[in-house]
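Since each chain comes alone in its own frame, lean on the hints to assemble the complex.
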Amino acid sequence: AQKVTQAQTEISVVEKEDVTLDCVYETRDTTYYLFWYKQPPSGELVFLIRRNSFDEQNEISGRYSWNFQKSTSSFNFTITASQVVDSAVYFCALSEAQAGGTSYGKLTFGQGTILTVHP
Amino acid sequence: DSGVTQTPKHLITATGQRVTLRCSPRSGDLSVYWYQQSLDQGLQFLIQYYNGEERAKGNILERFSAQQFPDLHSELNLSSLELGDSALYFCASRPAGGVDTQYFGPGTRLTVL
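So the sequences go chain by chain: A and B. Heads up: the first sequence at position 19 corresponds to 23 in this note's numbering, and the numbers run straight through without jumps. Heads up: the second sequence at position 23 corresponds to 267 in this note's numbering, and the numbers run straight through without jumps.
Rather than coming from a laboratory, the hints here were simulated on the basis of the structure. It should be emphasised that the depicted structure is a prediction, and the values quoted were computed from it without experimental measurement. A couple of the hints might just be wrong.
Stretches of chain B that chain A covers, calculated by requiring three or more beta carbons in the stretch to come under 8 Å of a beta carbon on chain A [unchecked claim]: (1) 277-290; (2) 346-353.
Think about it this way: if two alpha-carbon atoms lie no more than 20 Å apart in a straight line, the pair counts; the simulated EDC-like pairs of lysine to aspartate or glutamate are [what the hints assert, rightly or not]: (3) A/K7 to B/D344; (4) A/K7 to B/D284; (5) A/K74 to A/E30; (6) A/K42 to B/D344; (7) A/K42 to A/E63; (8) B/K253 to B/D344; (9) B/K301 to A/D33; (10) B/K301 to B/E319; (11) B/K301 to A/E100; (12) A/K74 to A/E60; (13) A/K42 to A/D26; (14) A/K74 to A/D59; (15) A/K42 to B/D245; (16) A/K74 to A/E100; (17) A/K74 to A/D33; (18) B/K253 to A/E48.
Ideal placement from N, C-alpha and C gives every residue a C-beta, glycine not left out.
Just chain B, with the same shape it has in the complex (with noise of 0.2 Å):
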């Protein structure tokens, strides 16, 4: 158990729609990343937030977004949702001071139907 949690572990939804995935990170990290993993595509980065604000943005449509809240947990939502968004949604948190270890979450399947 790396101690990140990520809701839902499953989410089947039809295309069109919005979707929130939420991830809390071990206790203590500052540092939240999103991941996406799909067939094509392989694990991407998505974006990275920093203690409630956005840090570093990867290949991530406009149609997704991200935040941090003050209890550092983050949300994930993905909105106008297409068949090829379905995939496995990561997220990771990583340790202050410089440690550069990202320790994952069991991750969210997302199906869109």
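Chain A with its partners taken away, still in its complex shape (with noise of 0.2 Å):
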């Protein structure tokens, strides 16, 4: 079965402060893809990232970064100089691999962490 274990059930920051939100996945598929979702406080989930189980390339997309690492099962993600604006509830999500070309695709998520940034 799978499973998504983010650790840290809130973090709370200073404006300027770098913070990484932490995601662990359990999975016996050996193709998955991985998600960070936001959700601000309005309550709507925003697609923030996509990483497939072969690319362990880390990326960055302006102040947000992404670290996969496969040897240790984990996604973890990074904001660089926070702002209040990025306070919200992130979640990080695993879909199961493909079967026979077709991925049914649900996400498995795990429970979340609230982030709240202070000016």
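Pasting the structure below:
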């Protein structure tokens, strides 16, 4: 069975601090996808990034960066120079592998990390 | 804006009642997923439809059912509602062609009194 663990329930930082959100996953599949979603106070779920299991390159997008390490089954998310607008709940998620070329793609979510950035 | 629409935004009803939540996927997306977000269970997958057919089922209660219509919109029907069904219900759609990113609608917040 698939499982995603976000050990940090809540993180509180002051603006301009860097912050890393941890995500550890479990799966028996050799092909899978990992995601990060942001849920701001307004409630919607906003897609941030997708990474497939064959691509271990780290990615940077503006102040956001992601570190994928297959050896430790981790997919951590770092926000550099955090801002108040980054305050949200962040979810890490895993989708199952393709089956016969068709990926059913249901997402297994972690419990989420509440990030509060204080001015 | 993800392009996925959900109605209504809020729904307040009483125990024992039945409600229908509606979802319109992004233009061209054939897959629709339903998820439930509650305080105790977190975000959980309920059910998936692909081009009108049920493809996968998660922890969906027997009191809940869904369908996807020929125009690809989907409805989630919740019946014999209980207090514990109060939650945020999300719909997501996924592009065809093997791209696995799901784009979520704004959600429907259901309150059962």
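Against the structure, the hints:
{"no.": "1", "hint": "277-290", "in the structure": "holds (count 6)"}
{"no.": "2", "hint": "346-353", "in the structure": "holds (count 7)"}
{"no.": "3", "hint": "A/K7 to B/D344", "in the structure": "holds, 18 Å"}
{"no.": "4", "hint": "A/K7 to B/D284", "in the structure": "holds, 17 Å"}
{"no.": "5", "hint": "A/K74 to A/E30", "in the structure": "holds, 11 Å"}
{"no.": "6", "hint": "A/K42 to B/D344", "in the structure": "holds, 17 Å"}
{"no.": "7", "hint": "A/K42 to A/E63", "in the structure": "holds, 17 Å"}
{"no.": "8", "hint": "B/K253 to B/D344", "in the structure": "violated, 26 Å"}
{"no.": "9", "hint": "B/K301 to A/D33", "in the structure": "holds, 19 Å"}
{"no.": "10", "hint": "B/K301 to B/E319", "in the structure": "holds, 15 Å"}
{"no.": "11", "hint": "B/K301 to A/E100", "in the structure": "holds, 13 Å"}
{"no.": "12", "hint": "A/K74 to A/E60", "in the structure": "holds, 7 Å"}
{"no.": "13", "hint": "A/K42 to A/D26", "in the structure": "holds, 14 Å"}
{"no.": "14", "hint": "A/K74 to A/D59", "in the structure": "holds, 9 Å"}
{"no.": "15", "hint": "A/K42 to B/D245", "in the structure": "holds, 13 Å"}
{"no.": "16", "hint": "A/K74 to A/E100", "in the structure": "holds, 16 Å"}
{"no.": "17", "hint": "A/K74 to A/D33", "in the structure": "holds, 12 Å"}
{"no.": "18", "hint": "B/K253 to A/E48", "in the structure": "holds, 11 Å"}
Consistency with the previously given hints fails for number 8 only.
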